[in-house]
Amino acid sequence: MNAIPVNAENKYEVLVDCNWREALKEIAKSRTRVGIVVSASLRERLGDISLGDCDVHFFEIIDGEGSKSAENLQLMWDWLGAGGFTRSDVLVAVGGGATTDVAGFAAATWLRGIDWI
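Residues in the sequence shown are numbered from 793 upward in steps of one, following this note's numbering.
The set of hints was computed from the structure by calculation and includes no laboratory data. By construction, the Cβ of each residue, glycine as well, lies at the ideal position given by its N, Cα and C atoms. Some hints could be false.
[Claimed, not checked] In silico EDC-like links for lysine to aspartate or glutamate, alpha-carbon gap of 20 angstroms or less:
#, residue 1, residue 2
1, Lys-817, Glu-857
2, Lys-821, Asp-907
3, Lys-821, Asp-845
4, Lys-803, Asp-907
5, Lys-860, Asp-893
6, Lys-817, Glu-805
7, Lys-817, Asp-907
8, Lys-817, Asp-847
9, Lys-821, Glu-801
10, Lys-817, Asp-840
11, Lys-860, Asp-870
12, Lys-821, Asp-847
13, Lys-821, Glu-805
[What the hints assert, rightly or not] Quick list of the computed label-pair ranges, beta carbon to beta carbon:
#, residue 1, residue 2, range
14, Lys-817, Arg-837, 27 to 33 angstroms
15, Glu-801, Glu-836, 37 to 43 angstroms
16, Ala-862, Arg-904, 17 to 23 angstroms
17, Trp-869, Ile-796, 17 to 23 angstroms
18, Leu-903, Val-848, 28 to 34 angstroms
19, Glu-836, Leu-867, 27 to 33 angstroms
20, Ile-796, Ala-900, 28 to 34 angstroms
21, Gly-889, Ser-842, 25 to 31 angstroms
22, Val-848, Gly-896, 17 to 23 angstroms
23, Asp-870, Pro-797, 31 to 37 angstroms
Sequences and hints are given; from them, build the entire structure.
The following block contains the structure:
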């Protein structure tokens, strides 16, 4: 995996890797839960994902800009709460721009912010 450091106000790394399943296993080692927010058109392609002792939760989101709604955000917050997500867990967005926008906003506003990819 290649890490590209970003030296902005808040420093972070952008991880680039073609074997995302192995990268996700590595990220999950230090987590209790991984939430995968996935667009409806890609859910079936992902199949089952096993991350050892880490619980994997899926949230399927409709494709396109229609997913950017307060109602959808509330559903995602309800899902995070029901799943017991804490600040030590992580969200992973799989899909296009609308999916990553909604997942990122939900992650940023859940418990004052949780990690997301």
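Right, here's what the structure says about each hint:
At most 20 angstroms may separate the alpha-carbon atoms for a hinted pair to count; Lys-817 and Glu-857 exceed this at roughly 30 angstroms. For the hint pairing Lys-821 with Asp-907, the CA-to-CA distance comes to about 14 angstroms; that is within 20 angstroms, so the pair holds. Restraint check: the Cα-Cα separation between Lys-821 and Asp-845 comes to about 8 angstroms, which is no more than 20 angstroms; the hinted pair holds. At most 20 angstroms may separate the alpha-carbon atoms for a hinted pair to count; Lys-803 and Asp-907 meet this at roughly 13 angstroms.
Restraint check for Lys-860 and Asp-893: the C-alpha separation of about 8 angstroms stays at or below 20 angstroms, so the hint holds. Straight-line distance between C-alpha atoms of Lys-817 and Glu-805 comes to about 18 angstroms, which keeps the hinted pair within the 20 angstroms bound. Pair hint Lys-817 plus Asp-907 holds up; C-alpha atoms about 15 angstroms apart against a cutoff of 20 angstroms. Proposed proximity of Lys-817 and Asp-847 is supported: the alpha carbons are some 12 angstroms apart, at most 20 angstroms.
Distance hint between Lys-821 and Glu-801 is unfulfilled; the C-alpha atoms sit about 28 angstroms from each other, more than 20 angstroms. A C-alpha spacing of about 13 angstroms is found between Lys-817 and Asp-840, which places the hinted pair at or below 20 angstroms, so the restraint holds. Proposed proximity of Lys-860 and Asp-870 is supported: the alpha carbons are some 16 angstroms apart, at most 20 angstroms. Note on Lys-821 and Asp-847: the hinted pairing holds, with a Cα-Cα distance of about 11 angstroms set against a maximum of 20 angstroms.
The straight-line distance between the Cα atoms of Lys-821 and Glu-805 is roughly 18 angstroms, inside the 20 angstroms bound, and the hint therefore holds. Roughly 18 angstroms separates the CB atoms of Lys-817 and Arg-837, a value that falls outside the hinted 27 to 33 angstroms. One distance hint, 37 to 43 angstroms for the beta-carbon pair Glu-801 and Glu-836, holds here, with the actual separation near 39 angstroms. Range check, Ala-862 to Arg-904: Cβ separation about 19 angstroms, and the 17 to 23 angstroms hint holds.
For Trp-869 paired with Ile-796, a C-beta distance near 31 angstroms fails the hint of 17 to 23 angstroms. Against the hinted window of 28 to 34 angstroms, the Cβ-Cβ separation of Leu-903 and Val-848 comes to about 19 angstroms, which falls outside the hint. In this structure the hint that Glu-836 and Leu-867 lie 27 to 33 angstroms apart at CB is violated, the actual value being about 20 angstroms. Between Ile-796 and Ala-900 the C-beta distance comes to about 21 angstroms, which lies outside the given range of 28 to 34 angstroms.
Evaluation of the 25 to 31 angstroms hint for Gly-889 and Ser-842 yields a pass: the beta carbon distance comes to about 28 angstroms. Our hint of 17 to 23 angstroms for Val-848 and Gly-896 holds, since their Cβ atoms are close to 19 angstroms apart. Checked against the hint of 31 to 37 angstroms, the C-beta distance between Asp-870 and Pro-797 comes to roughly 36 angstroms, which is consistent with it.
Of the numbered hints given earlier, the model fails hints 1, 9, 14, 17, 18, 19, 20; all others are met.
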